[in-house]
Each structure stands twice: as structure tokens, then as C-alpha cells.
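Read off the chains here:
There are 2 protein chains.
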Amino acid sequence: MSGRAAIKGVGTSHFARQPDVAGVRLGWQAAAEALADAAVAPDAIEAVFAGTVFGEPGVVTRTLQHLGIVGVPVLTFENACASGTTAFHEAWVSVTSGRYENVLAFGIETMTAHFSGPITPLASDPEGAQGLAMPCLYGMAANRYLHCLGVTPQQMAQVAVKNRRHALANPRAQRAARHTVAEVLASRMIADPLTLLQCCDISDAAAAAVLGPAEGRVGEVAVRAGALASGKHWDHRSELAWGWQLVADVGRTALEAAGVGVADIDVFEVHDAFTIGEIITTEALGMCDLGGGGGLVESGHTSQGGAQPVNPSGGLLARGHPLGATGLGQIAEIAWQLRGRAGGRQVHGARLGLVETMGGGTSGIDGNACVVIVLEATG
Amino acid sequence: MSGRAAIKGVGTSHFARQPDVAGVRLGWQAAAEALADAAVAPDAIEAVFAGTVFGEPGVVTRTLQHLGIVGVPVLTFENACASGTTAFHEAWVSVTSGRYENVLAFGIETMTAHFSGPITPLASDPEGAQGLAMPCLYGMAANRYLHCLGVTPQQMAQVAVKNRRHALANPRAQRAARHTVAEVLASRMIADPLTLLQCCDISDAAAAAVLGPAEGRVGEVAVRAGALASGKHWDHRSELAWGWQLVADVGRTALEAAGVGVADIDVFEVHDAFTIGEIITTEALGMCDLGGGGGLVESGHTSQGGAQPVNPSGGLLARGHPLGATGLGQIAEIAWQLRGRAGGRQVHGARLGLVETMGGGTSGIDGNACVVIVLEATG
Numbered sequence: 001m002s003g004r005a006a007i008k009g010v011g012t013s014h015f016a017r018q019p020d021v022a023g024v025r026l027g028w029q030a031a032a033e034a035l036a037d038a039a040v041a042p043d044a045i046e047a048v049f050a051g052t053v054f055g056e057p058g059v060v061t062r063t064l065q066h067l068g069i070v071g072v073p074v075l076t077f078e079n080a081c082a083s084g085t086t087a088f089h090e091a092w093v094s095v096t097s098g099r100y101e102n103v104l105a106f107g108i109e110t111m112t113a114h115f116s117g118p119i120t121p122l123a124s125d126p127e128g129a130q131g132l133a134m135p136c137l138y139g140m141a142a143n144r145y146l147h148c149l150g151v152t153p154q155q156m157a158q159v160a161v162k163n164r165r166h167a168l169a170n171p172r173a174q175r176a177a178r179h180t181v182a183e184v185l186a187s188r189m190i191a192d193p194l195t196l197l198q199c200c201d202i203s204d205a206a207a208a209a210v211l212g213p214a215e216g217r218v219g220e221v222a223v224r225a226g227a228l229a230s231g232k233h234w235d236h237r238s239e240l241a242w243g244w245q246l247v248a249d250v251g252r253t254a255l256e257a258a259g260v261g262v263a264d265i266d267v268f269e270v271h272d273a274f275t276i277g278e279i280i281t282t283e284a285l286g287m288c289d290l291g292g293g294g295g296l297v298e299s300g301h302t303s304q305g306g307a308q309p310v311n312p313s314g315g316l317l318a319r320g321h322p323l324g325a326t327g328l329g330q331i332a333e334i335a336w337q338l339r340g341r342a343g344g345r346q347v348h349g350a351r352l353g354l355v356e357t358m359g360g361g362t363s364g365i366d367g368n369a370c371v372v373i374v375l376e377a378t379g
Numbered sequence: 001m002s003g004r005a006a007i008k009g010v011g012t013s014h015f016a017r018q019p020d021v022a023g024v025r026l027g028w029q030a031a032a033e034a035l036a037d038a039a040v041a042p043d044a045i046e047a048v049f050a051g052t053v054f055g056e057p058g059v060v061t062r063t064l065q066h067l068g069i070v071g072v073p074v075l076t077f078e079n080a081c082a083s084g085t086t087a088f089h090e091a092w093v094s095v096t097s098g099r100y101e102n103v104l105a106f107g108i109e110t111m112t113a114h115f116s117g118p119i120t121p122l123a124s125d126p127e128g129a130q131g132l133a134m135p136c137l138y139g140m141a142a143n144r145y146l147h148c149l150g151v152t153p154q155q156m157a158q159v160a161v162k163n164r165r166h167a168l169a170n171p172r173a174q175r176a177a178r179h180t181v182a183e184v185l186a187s188r189m190i191a192d193p194l195t196l197l198q199c200c201d202i203s204d205a206a207a208a209a210v211l212g213p214a215e216g217r218v219g220e221v222a223v224r225a226g227a228l229a230s231g232k233h234w235d236h237r238s239e240l241a242w243g244w245q246l247v248a249d250v251g252r253t254a255l256e257a258a259g260v261g262v263a264d265i266d267v268f269e270v271h272d273a274f275t276i277g278e279i280i281t282t283e284a285l286g287m288c289d290l291g292g293g294g295g296l297v298e299s300g301h302t303s304q305g306g307a308q309p310v311n312p313s314g315g316l317l318a319r320g321h322p323l324g325a326t327g328l329g330q331i332a333e334i335a336w337q338l339r340g341r342a343g344g345r346q347v348h349g350a351r352l353g354l355v356e357t358m359g360g361g362t363s364g365i366d367g368n369a370c371v372v373i374v375l376e377a378t379g
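Protein sequences appear in the order of chains X and Z. Just so you know, the first sequence maps onto residues 1 to 379 in my numbering. Just so you know, the second sequence maps onto residues 1 to 379 in my numbering.
Treat the hints with caution; some may be incorrect.
As the list claims (entries may be wrong) - A few chain Z residues facing chain X, derived, Cβ under 7 Å:
id, residue
1, V53
2, E56
3, P57
4, T61
5, R62
6, L67
7, V70
8, V74
9, E78
10, A123
11, R178
12, A182
13, S230
14, S299
15, T362
16, N368
In case anyone wonders, no lab produced these hints; they're calculated from the structure. Just so it is clear, the structure is predicted and the values come from calculations on it, not from any experiment. Cβ atoms here follow ideal geometry from the backbone N, Cα and C, with glycine treated the same way.
Just chain X, with the same shape it has in the complex:
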């Protein structure tokens, strides 16, 4: 490591069901905003780190061509739901290692024109053969929590109520709403016990960040640490739900590298593709004990105005979950928060923020990927 890296600027498109808008246009909006925010010219970008899951080959270079970023290494990552955060992580490593100075991290996904139902594994995969679409995998984790760990359906629903309410202050969110717990629980059943309003939407969006060497200027957001790993073998007889241990391992690695404890973090963006996901994540990050994630959200601790707001943007549940764009959407939100530029959803006095993204789908391992990034305000 030859130096510290900082976020110089961020940008996103709207997160929305916008099947008629070309991916290239969404990508352009996000990257152009990030470059302008960073005051970095396109021809100063030395390399691009992009994330997409279902993006057609060429969508990234085509977007860059329209931005005037050509002739440089373009590294596009697929890492399930963590693709965008993986791209950010690798961009960060490339700066801290001295490989590049100015780089663009970028995530893009257009889903609504291609998918109508949940993302379903191939029938030739073990999960596909068992009908284990993603809502089912999380549904099983949710049942484990209901039956073995004392979390209540109402607490689970509180995650959806909180995050959709948070999104009311986010003009780029897809599914802001003022719901009651009863409404969440009464919505259509998707994968028992997860109802429709406990599941994120598919989405079309792009998000981006410009990184470079930390200079300590006001407006920069320092990348204090990051960690990335795939899961170890997972046995369903474990007392820990799928993904718990992976988030715990990667979270601990990142926090230790940052030299801070989870109690020091002022604001979080974490992977709430389903309500149970946020409960698992807050526990695994150490914000409470195993089984305490339900009480944590119920207490208001993780709400806007609480001690440690989680998903002030609305999270995946309310901002929407365009897979490859999600991680950089989380990064952009925390960057805005740490610069005091989050408008009506500002977490006052936020100095340290944490992004966590989980990528999954392979049931025999504890998640395909988890990435945790710790960010810090400058100046």
C-alpha cells in the first residue's frame, strides 16, 4: 500500500422502473455527475472498474465511449449483488497500491425490460432444481429467525416500514412509501414468511464514484478500509443463517483495518434485499447479539433520528435493487452523508459511514461475495 485513497465525487441516475431508457444513458448520467462532482476531466481517468450482473457485453465501454473515456484499462466485474461494491473495492486497491491515480468506479444494471419475476437460478443448478429463487433462500432464513431466535413478524416488517419511510426524503428512490407494519404483513405472500413489501424491487439504474489519492481536502471522503471475500462452506444445520458468518468475517476484517469499532459508525448502508437481510447484517456487523436484530430495528436505534441510522437512502427495499448499480448507490449515499449533502435525509454530524453488500445465490457456500467499506469525512 503506497497511500490512502479518497472519493472525489459521486453520481447516480434515478433508481426506477425505466425499461425504455438505455443502459448507456443511465450510465452516462451517473458517471457524468460523478466526474463533475469530482471536477475531474474524463481524459484524466486512468482506469475504470465497473460492476454489472446481467449487463450486455459492451455496455460499459459503450458508456465510456460517450463520456470520452477511451484507451484505458476497463475492468468489469460480476460478483452477484456485490458487483458494484466489488468494482469500488478494486478501484480503491488500485489507488492505494499506487497502480493508478484517478479512477472511475461504476455500476450499471437494466433489469425491468428483461425480468418479470424473481431472479431464478438455472434449473441445472442445485438451487434451480429445488426452486430456490432468492426470495426462498431468504425466506428460509426468516423462518429460522421466527422459530429459533425469537424475532417477530412485526419486527421484520419494521425494516420495510423504516426503509420505505426513509426513502420519502430520497428523490431518486424507486419505492418510497409510508406503510404500517400491518400493511407490510398483509401484502401478498412471496416466500413464506416474506411478503411482497418485504422484498426489494428489480430496477434500472447506474451509479458511479471517482477515486484518487487522498489529499485531505474538504469535500473528499476518505476510504478508511475495505474487505472482500466469498463465503465458506455453509451447512444448513448451522445455528447461523445463510450469510451471517460471511458478513461477520468481512465486517470484522474491514473494521479492524479501519481501526474503529462498529459503535463508532454514524451511518450505514447495508444489504436489505429482503427485510431479514438487514436483521442478519446488523447482528453480523456486531451492532447487537444474535437474534437481537429484531429488537434493534424496533427500538428505533437504526431509524433516521436514532443513534445509528441504517439505510437512510431507503436501502435496497426502497431505493430499488439494480444489482450491479446497488453497491455504488450505497457508496454515493454514504459519501453524500459524510459531506453533509444528503438533504432531507441527512444524518446530522455523520463522520464515519459503512457500506455492506452481500451477493448470493449459491446455497452450498455462505454467500458468493460480501464487501464492506468504511468511509470517513474529511475536513
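The hints should help you fit chain Z onto chain X, whose structure is shown.
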């Protein structure tokens, strides 16, 4: 850069039309062979760098799960036809920079169960709207060569004759054959002037390499240099065909970094998805002047037994072109050549080898990606 990296072992599956074989099985064959060849245990692998274009999300982690490689960073790249070579390049950088010691580079693609015709861009893309499937893009380049640069149809066909003949000595190649120039030219027209036998096959395969710090042991293959870039804006009025300048730029960068000239290279594996591709590439790498690529193949210079054999494996034309696996298939071939283990296709006395892969599809830029790697025998 904290040190030099070497290839410790390589492996591949068969390259074939094998739609009934799961990608995970092909991946397992390649990676297990590479690990055994390197005498590196799966749990010594610290990170995985994988390439695939159309691989379903999860295919890489699922393969690794079966190998016992879990809990480590898994970085999966999409970079068009250069996806596998991109993964290798990034694995190499991760070792030279001291980020990791033992890493696995890995490429996988299963195509024949999903595609029946050529790979065609989306109708919403400019190329798709114009019907510019890959054979058409290369067909236009071929016509430029026929009409403006004096290359003859017979010389173009010679590339297919040579590479399919080379593959007769490669038991893992998909389309080895002893053809005449007349047969190649008489085969069905695909994209004027490119006939069927001048086009590579889609394929199902995987390939892998284990890298680590160079120790100078016999059997290692040192990575002398590598370079990676995307293309700059391309204007069809240029005197240089699509991709020429990108290959020239990346090739020059890699050769200069290696401290050798192209005349020093003993054996090449280059991107001959279509016959004209090899002609463009040999020119752009500096083996001959612009327009001289036809005469070069006709002279026998690039044939097995010639001064500088190109594509002794059969190349993409005869080994087959499973997109994400291609680059690591090229790497494996050069590694076998430099270790004197290429059997009936051994280029005698080969000490320096070069791999070049071109990834394209976006017509407004001079290629989505090009990667060039220079490898050297040890001991």
C-alpha cells in the same frame, strides 16, 4: 511492483461442442489440472481471478466450492473475448504488487447450449441496429484488406488451413482438419468475404493457471510483462482496420515492458476468431508491415516449423472459441510450449512466447479490450 510472478501450473478441459456437460464440471477439470500441475493445494489459493462473458452468475463460486477454494476474494471479469486474458492479467498484477502470493486465474464459457448462430449485438445497440454481428465487423475489415492492401483471398484462407492443420496435433482442439485453400474458399459464405471455414466455432470449455512469486525453478514460466487497454475512438475512414491500432498500442507497451522485440518471440497464440484477425494481429504486433500479413502466412513464417509459429494449438479457429476460456487456453498453450511439454505440436527451443487476445463488438471504439502477455521459459 514488489516482485516478479510466474505461472506454476496450467490446465484445461477439452475444447468442444459439449452442451450436456455442466460448466462447473468443465471448470473443475481445468482448475484441478492446474492445481495438480502446480502442486499447490486448493486451500493455499488466496484469491481467484476469473473470466466469463455469458456464464451464469455463480458458476465461478460454484466451481470453486467443488474444488474446496472458499472464503477468499473471487473476482470475475467480463471483458468480451479478452475476459480470460483480463483475469490472467489481473492475477499477475496481484502477485507482482505483493497483494497475494498463490492465486488462481480461471476462464469458463458454455455456449453451445445457448447459441445457435453468431453472437449478435442487441438491436438497441448501434451494431445490432445495423445487423453488425461479429462476422460482419471482421468481414468489413477483410474487404478493406482485399481492396486496399493487396492481401488475396488465398492468403486469408491460408490462415485457416494452417491453424486447422496445427490443431491435428492438439488432442483437446475442437475443429482440427487438413483442408486446402480451395476448400476453405468454397465453404459457405458467412459475411463476405469470410467463408464458414474462416470463422471460429462457438465452444464449451474452461482453462486455468496458478500463479505465484517467481522462484526460478525449472518448470515455472515467468510472466515477463503484460498490458491491457480498451480501444480509442475509431473512425471507419482510417486507413487502419478496426482493432489494428489497439493491438499495436498494447503489443508495443507489453514488448517494451518485457524489454524484448517481436523478433525475439519464438511462439505466439493470437486472436484469430476470423482469418483476417490473425493477419491484422501479426501486422499490428510488428511482425511485418501493414498489408504484409497475407504474405507472412503464405511464406510459412508463422507455420509450425517456420521461424515464428503462430497459433500452434490451432488458435481460436481450430481449438474453438469459448469466449471466457479462450485467453487462459492461450496461456496454457504457451506455458506448455515454454516447458517443452506441447507434445506433437512442440515448437522446438521455444524460450519466449506471446499471448494476444482481442475483445470487440463496439464499432465506435477500436475494440473493447486487448490484452498482451509476454511469457518466458525458466531454467
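How the hints compare with the structure:
1. Residue-level restraint check for Z/V53 holds (minimum Cβ-Cβ distance to chain X is 6 Å; threshold 7 Å).
2. With 7 Å as the threshold, the beta carbon of Z/E56 comes within range of chain X, its nearest partner Cβ sitting at about 5 Å, so the hint holds.
3. Annotation: Z/P57 was flagged as interfacial toward chain X, and the flag holds, the nearest CB pair being 5 Å apart, inside 7 Å.
4. Given the 7 Å rule on beta carbons, the hint for Z/T61 holds: about 5 Å separates it from the nearest Cβ of chain X.
5. For Z/R62, the suggested interface contact is upheld, since its CB lies about 5 Å from the closest CB of chain X, less than 7 Å.
6. Evaluation of the Z/L67 hint against chain X yields a violated restraint, the C-beta minimum of about 12 Å exceeding 7 Å.
7. For Z/V70, the interface hint holds, since its Cβ comes within 7 Å of a Cβ in chain X; the closest pair sits about 5 Å apart.
8. Checking Z/V74 against chain X by beta carbon gives a least distance of about 5 Å; that is within 7 Å, so the hint holds.
9. Because the smallest distance between the Cβ of Z/E78 and any Cβ of chain X comes to about 5 Å, under 7 Å, the interface hint for this residue holds.
10. For Z/A123, the interface hint is violated, the least distance from its beta-carbon to any beta-carbon of chain X being 11 Å, above 7 Å.
11. For the restraint placing Z/R178 at the interface with chain X, the shortest Cβ-Cβ distance is roughly 34 Å, beyond the 7 Å limit, so the hint is violated.
12. Annotation: Z/A182 was flagged as interfacial toward chain X, and the flag is violated, the nearest CB pair being 36 Å apart, outside 7 Å.
13. At its closest, the beta carbon of Z/S230 sits 5 Å from a beta carbon of chain X; the interface hint therefore holds under the 7 Å criterion.
14. For Z/S299, the interface hint is violated, the least distance from its beta-carbon to any beta-carbon of chain X being 33 Å, above 7 Å.
15. The closest approach between the C-beta of Z/T362 and any C-beta of chain X is roughly 5 Å, which is under the 7 Å cut-off, so the hint is satisfied.
16. Checking Z/N368 against chain X: minimum C-beta separation of about 5 Å stays under 7 Å; hint holds.
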